[in-house]
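**Student:** Sequence:
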Amino acid sequence: MWLPPRNFITLHYAYIIIFGILGIVILYPFGNLTAIDAYFMGVSASTESGLNTVDVKAMKTYQQLFLYFAPLLTNLGFINMGVILVRLRWFRQRFKGLEEKKAVTSKLIAASSGNSDLPATSPSSLDSKSGQRAINTNDERKSTTPVPVTNSNPGNPHITFAPEPYRPTGRDDLASDEEDGIQIKPVSSAGEGYHSRRRRKSDTRSMSRVASVDRAVSSVFVLGSTASRASHEKIAAPEPIDLVSLTSEELGGTEYNALRVLLKLTCGYFFGLHLFGVLCLLPWIHTANPKYKEYLASQGQDITWWAFYSAQTMVNNLGLTLTPDSMTSFRDATWPMLVMSFLAFAGNTFYPVFLRLVIWITYKLSPATSTLKETLRFLLDHPRRCYTLLFPSTTTWALATILVTLNFIDVLLIITLDLDNPELTALSPGPRILAAIFQAASSRHTGTATFNIANVNPAVQLSLLVMMYISVFPIAMSIRMSGTYEERSVGIYGAEDTIDERRGSKTYLISLMRNQLSFDLWYIFLGVFCICIAESKRIMSREDWAFSIFSILFEVVSAYANVGLSLGYPTNLTSLSGHFSTFSKVVICFTMIRGRHRGLPYALDRAVTLPIDRLAERDEETDLGKQAKGAWKAQGRKMVKAYTQ
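UniProt numbering applies: residue 1 is where the sequence shown begins, and numbers increase by one.
A hint or two may mislead.
To be verified - Computed list of lysine to aspartate or glutamate pairs in DMTMM-like fashion (alpha-carbon distance at most 25 Å, straight line):
{"no.": "1", "residue 1": "Lys291", "residue 2": "Glu423"}
{"no.": "2", "residue 1": "Lys364", "residue 2": "Asp381"}
{"no.": "3", "residue 1": "Lys293", "residue 2": "Asp325"}
{"no.": "4", "residue 1": "Lys57", "residue 2": "Asp302"}
If you are wondering where the hints come from, they were derived from the structure by calculation, not from laboratory data.
The whole structure should be built from the sequences, with the hints applied where relevant.
**Tutor:** Pasting the structure below:
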């Protein structure tokens, strides 16, 4: 029986699909929604698309609560916090596995300390043919007291007291290297200098007392060097090291510390944004112009609940609002336009930029000698080893520049193309600019509106469609590019590298964009084609002018991009999807689910895999791993020989 691979992408699909099904389970029983509408709203909330087939204000409070918590729990920021927790749990399980090693270590130390009358032996070595330990004794021993070791090279520690060695397999070597955060790969001669300098630089940083779990165990046996062992036949017993006294942070090393700090920062950022939005909107609505309160009262909404829900829908980029005209009634209110625009940017498109800014500020404010500062430095230097949406400095600056440019173009088009349009001229210049900024932010992912999209210039409609389609590109390309950066920074590409980025980042970026564009178009075309078949009579009807191929294309792109903007229908306050047939609604649901996963990292991305699985998956699924596997095994055997000779 075929089963999908158990990786981050598969689990993410299952998680989103389950929340969509919960829409039927929770929303349908009351009886005010059909089963397909309940499922549609569940999928729209879990994918943060914001398209609606029913008016949200007409739903019961418990149904609105589902629409409040579903996007919060399926937000990519929240899911990534779950990924961090899983990786931390993996580290803690590894710590528990050290208990047996501690017991073995204590017995070895006790035996070597208590049996001073036994002849001391030279370090064991592996015979190159048989792999058996060769024991060399000193028959002319003059004293039972071990000769002190003169370490001629203290900077090069080696194992002298160890359990019985065994001939390691290639997988053992790879797993040990991966867990230590050091991946042994063949590198080109041009890159050797860089990587050696990089290793020397990283060695000077005391990021933690122990680099990793396995290194913590092996450090118990570290005494002397190759030179000292070659010149002495008797080795003194090591001073006992209490592994129990080592904390989880010391055993786990830098990556474990970084994950712990990152979890606190991401939780504070995510929930802090929601709290910030509530603290900004709640006092405002209670002291605002009475017309806003009266409008909410006419829609049957409590002003306090409106503040909480509006903060959530902007941070999570949901787009569903408690008012049928979205935010059009509030477009002349300066404060909520500023706050909501910031929340929309900080919650999605500018999330990686602001998160790195928070880490950088915390790093600058930390004491110079603190462990926190060293850990934050690691996060800034190696962001993609720990988190999907945290990028290197250069990538982050490029992302910020692209986003600012796209939003500026969007605002410029909205204002200049509708200079004589009553939809915009009804506002004075100041509120008009703020409303345009809000609309530009919404076209990235949020899906709320300050204008009736059906009444704006057709060129603006087309520009919004394009902006929705490319909304995921900046972050998706940053994930792909920074993933390549991180892999190269730890030297996993071999000399026979066949990947396109060796020709230059521009070539690789263009290749990624071309692949993404061609990949997305198939789903959009298929969705539009299926809906055109199902709604052919209404499309061909001259009386039903709101049904057109462009409006359907706009709806499908909005669903695939998880934005939520819609040209709507003149006689209804829902999205155009509210007038689709059941089959067309199902197509839109599938489109939203598929679009929710187009910006996710690859299944082999370091930030969403456990350390023990990374190299095994690369070996199985990448040609690079298959080509370099033999070289890694050989290098691993050399390291074992160096330790045991």
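**Student:** Mind checking the alpha carbons of Lys364 and Asp381 for me, to see if they're no more than 25 Å apart?
**Tutor:** holds, 14 Å
**Student:** Given the hinted pair Lys291 and Glu423, is their alpha-carbon gap at most 25 Å?
**Tutor:** Distance ~20 Å between Lys291 and Glu423 Cα, so the pair holds.
**Student:** Can you confirm whether the C-alpha distance between Lys57 and Asp302 stays at or below 25 Å?
**Tutor:** holds, 11 Å
**Student:** Given the hint that Lys293 pairs with Asp325, test it: the Cα-Cα distance must not exceed 25 Å.
**Tutor:** holds, 15 Å
Violated hints: none; the structure is consistent with every hint.
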